[in-house]
Amino acid sequence: MDALRQAVRKALADEALQAALDANAERRRAARERAHATLPEPWEVMRGRAAEVRADILAHWDEVLTRFVARARANGFIVHQAADAAEARRIILDIVAAQGPAPRLVAKSKSMVTEEIALNAALEAAGHRVVETDLGEFIVQLRHERPAHIITPAVHLRRQEVAQTFHDLLGMPYTEDVAAMTATARRHLREVFLQADVGISGVNFGIADTGGICIVTNEGNGRMVTTLPRVHIAVMGAERLVRTPEDLALMLELLPRSATGQDLTVYTTLIHGPRRAGEDGPEERHLVIVDNGRQRLAQTPLADALRCIRCGACLNACPVFREIGGHAYVGRHGEPTPYPGPIGIVISPGLFGSEKFGNLPYLCTLCGACAEACPVEVPLPELILRARAPQPATRHSPPATRHSLFATRHSLFATRHAPPFRSFLALYARLATRPHLFRRAQRLLAAATPLLARLLPIPFLQGVGVSEETGIANEESGITNEELGIANEESGIANEEPPFAIRHSQFATRNSPFATRLTALDGEILPAPDMTTAGEAIVRFLQREEVTEVLAWAPEHLPAEVTAALQRAGIAFCHGEPAACRVGLTGAALGIAATGSIVVPSGAGRPQAASLLPEIHIAVLRRGDIVPDLTTALRRLDLAAAGMTAIITGPSRTADIEMTLTLGVHGPRRVVVVLVG
Amino acid sequence: MKVLLFGTCLAGTFRESIIQGAVRALQRAGAEVLIPRGLTCCGQPAFNAGDWEDARRMARHTIGVLEAAGDVPVVLLAGSCTAMIRHHYADLFADDPAWLPRARALAARTYEFTEFLVDVLGVTDLGVRFPYRITYHPSCHLLRALGVDRQPRALIAALHGAAFVELPHADECCGFGGVFSAEFPEIAHAMLERKVANIAATQADYCLTADPSCLLHIQGGLRRAGVPTRMLHIAEVLGETWQKG
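Chains as they are written, first to last, in my numbering: chain A, 1 to 677; chain B, 1 to 245.
Hints were generated in silico from the structure; no laboratory data involved. Note that beta-carbon positions come from the ideal geometry of N, C-alpha and C, so glycine has one too. Don't take every hint at face value.
[To be verified] Restraint ranges, calculated between C-beta atoms of paired labels, are given here: (1) 28(B) to 628(A): 49 to 59 Å; (2) 444(A) to 147(B): 33 to 43 Å; (3) 448(A) to 150(B): 31 to 41 Å; (4) 149(B) to 194(A): 50 to 60 Å; (5) 40(A) to 243(B): 48 to 58 Å; (6) 56(A) to 150(B): 44 to 54 Å; (7) 95(B) to 641(A): 28 to 38 Å.
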């Protein structure tokens with residue numbers, strides 16, 4: 001039996017996996033549909049525009065990439081371009097080696113492209129220690145497995161399995177309490193963040209006009225690895241570009257909604273170079289732009305797949321993925337692919353060759369649910385059909401030559417599986433141009449069906465002949481609607497709360513949309529009519545929490561009334577060990593009403609650590625600084641002026657263990673916005 | 001109005017009552033129905049299996065037969081075959097200046113059965129009495145590749161005496177997928193089990209659909225699971241040919 005079929009059978013027989021995949025499919029679908037309803041414009045309109053934005057990038061790829069690289073360099077990024085996986089690995093290994101002799105400690109946040117280039121194995125082979133810090137990736141790495149989903153790496157695991165792993169490998173007393181497991185991971189990984197020599201992240205989007213990168217995460221590990229280690233390496237697929245901050249805003253309206261059903265991820269980090277004078281953050285930022293087959297793919301009929309923004313919506317919508325999960329997508333000789341699901345069965349053969357992965361495009365019924373869910377209108381069923389066909393070398397193939405009726409089979413067929421069915425199809429195709437023979441064959445086939453139905457496990461054959469057999473139509477049932485008492489059976493899944501759903505908030509009617517949104521995301525609001533009152537409110541809050549020291553922006557960057565109130569109350573500004581501080585205090589440049597987000601740019605005297613490391617983050621926001629939406633916010637900000645800009649939407653959260661929502665995995669557990677005015 | 005009826009190879013091989021039903025329904029709706037001699041298979045199985053050369057051969061045959069039969073609407077009894085002619089014939093002949101215009105001309109006059117009745121002939125109520133509890137499985141190609149959903153539902157709503165129950169998760173694939181269910185029968189079975197459970201939950205006497213392929217696949221699953229619900233093609237119901245082949 002070939003490797004793929006073996007992997008499929010294994011997945012289908014795994015009951016825990018089946019339960020997990022069911023939960024994933026149903027909850028993600030419900031969450032996505034709910035999130036579509038909060039889009040500022042209709043879904044079809046917005047995804048149409050997003051598709052155009054991405055298609056335009058691919059049409060002018062060289063030009064946009066060149067501008068992006070030039071501006072990123074001007075911002076202080078050290079930019080490397082890697083033609084293939086081997087070159088990318090070599091570049092990264094050299095950067096890590098330059099930090100001192102092995103073993104160096106490398107903290108990684110989730111990145112599909114580093115999976116693609118098999119980076120971890122290369123770093124470990126060079127003697128370094130690599131730690132995945134996304135909770136799901138961390139679990140998968142501890143278990144020596146691979147991510148089963150591009151967004152939810154540990155989707156295949158039940159809490160009992162995670163509990164056992166944490167017990168065995170982290171010394172945690174066995175508990176199936178997800179919050180306790182998450183807290184253990186937080187403690188363990190916090191040390192990694194603080195000690196790491198190098199942080200490695202992926203990139204969601206490169207912004208050509210500003211020369212910056214955007215990374216979205218929920219847990220805060222993305223911010224940690226891009227803020228704390230001395231060196232940050234961002235690894236990006238060469239196609240992951242937008243031109244402008246407005247285009248980025250459009251993508252960010254669609255990406256989290258399509259991925260997890262959130263209006264915006266908790267942390268949307270915009271990075272425009274290494275630390276500036278007086279800032280915290282890495283001294284060195286490297287950007288490794290990986291091609292690895294992308295330019296070549298752009299010249300094939302599969303080019304539209306490069307529009308993909310890796311949201312994972314097609315995986316969650318796919319009925320085949322729902323049955324078999326990510327690990328079952330293996331190549332002809334059992335090679336795993338980092339990209340499963342509908343997009344994976346196109347780009348795996350597209351990027352890594354159909355000699356290896358030409359079997360994957362057949363893992364699809366062509367039902368089209370993926371295309372319906374795609375936020376950038378990748379025509380997945382069309383691409384899957386093209387990926388099944390022998391690929392011409394270029395997009396414009398020469399006119400088809402007329403084959404003779406009995407032309408030799410294409411070589412693709414020779415390596416395909418299920419030969420009897422293939423032979424049948426080939427015969428059928430030949431008969432189809434000879435109507436008389438065809439008709440006779442039809443009769444023969446119909447007559448042979450009862451026998452075939454017993455021999456072959458194909459339900460279709462067993463469905464033949466049913467209506468003829470029963471003849472029940474002749475009986476008049478005489479049933480009326482009333483007697484049937486029809487009720488519309490609902491499956492009941494709609495009632496389950498998706499992990500990132502907006503909960504009903506008491507704030508809803510009395511306060512601003514900003515406050516409504518933030519409280520719905522488990523954020524807190526301290527309203528204050530003026531800065532003096534705000535200062536007093538903050539002091540009362542800190543006293544209630546029995547806190548005497550805050551990790552804060554420098555006094556001159558906080559409102560004078562707030563600084564004065566803190567000093568009067570004897571609350572100290574932490575200077576020594578920032579990691580020990582329980583509360584961080586910052587200002588906020590802007591608030592975003594539509595998502596309940598605050599925008600916190602870095603700068604001299606405005607450490608990013610204050611909004612990231614402590615358990616509680618307090619931010620002072622003037623009501624007048626609230627803008628309606630993300631687009632307005634990105635337009636208003638001078639992005640390249642700050643090394644980092646964090647758009648923070650509520651407390652740090654994860655749902656990586658059994659999709660159970662847990663707050664405060666890496667970033668603050670509580671976010672308190674002091675809303676002034 | 002004259003129409004050419006392409007019964008599709010599956011219906012022709014396994015369930016002729018679908019074709020007979022369509023003939024009667026179209027006639028009742030005022031159409032003059034011709035079944036062109038020489039039609040076989042549109043080429044979809046080869047196309048979906050990645051063999052475009054065979055698919056082109058079958059497409060050229062189909063185009064030739066339908067051109068010779070006259071320049072009138074072509075009605076098909078399957079969403080997936082309609083999508084094949086309407087969308088994919090142009091893909092097959094994208095680089096062939098001789099065949100591309102012919103493929104496009106055929107695509108422009110090709111309709112799926114329910115779409116043709118409702119949108120072209122303007123008929124929903126054919127006066128058919130069907131006093132049963134029924135549900136509807138929208139096949140994927142009909143629903144998503146062609147965007148045809150309102151039409152079959154209008155025809156079903158107009159059946160006299162029928163009690164309609166919405167199928168839970170109606171838009172989920174049944175797992176047939178042509179080549180797919182032969183290459184990955186285990187996955188096809190798993191998907192089919194879901195569909196069968198949803199149909200069973202409706203307690204319908206009949207589940208209607210408009211694709212012979214999904215119909216036979218699901219019927220196989222129902223039978224195996226011992227669910228008494230029977231699958232019928234809408235054409236069989238509208239033409240009242242479903243009781244005996």
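Indices of hints not satisfied (ascending):
Failing hints, ascending: 6 and 7.
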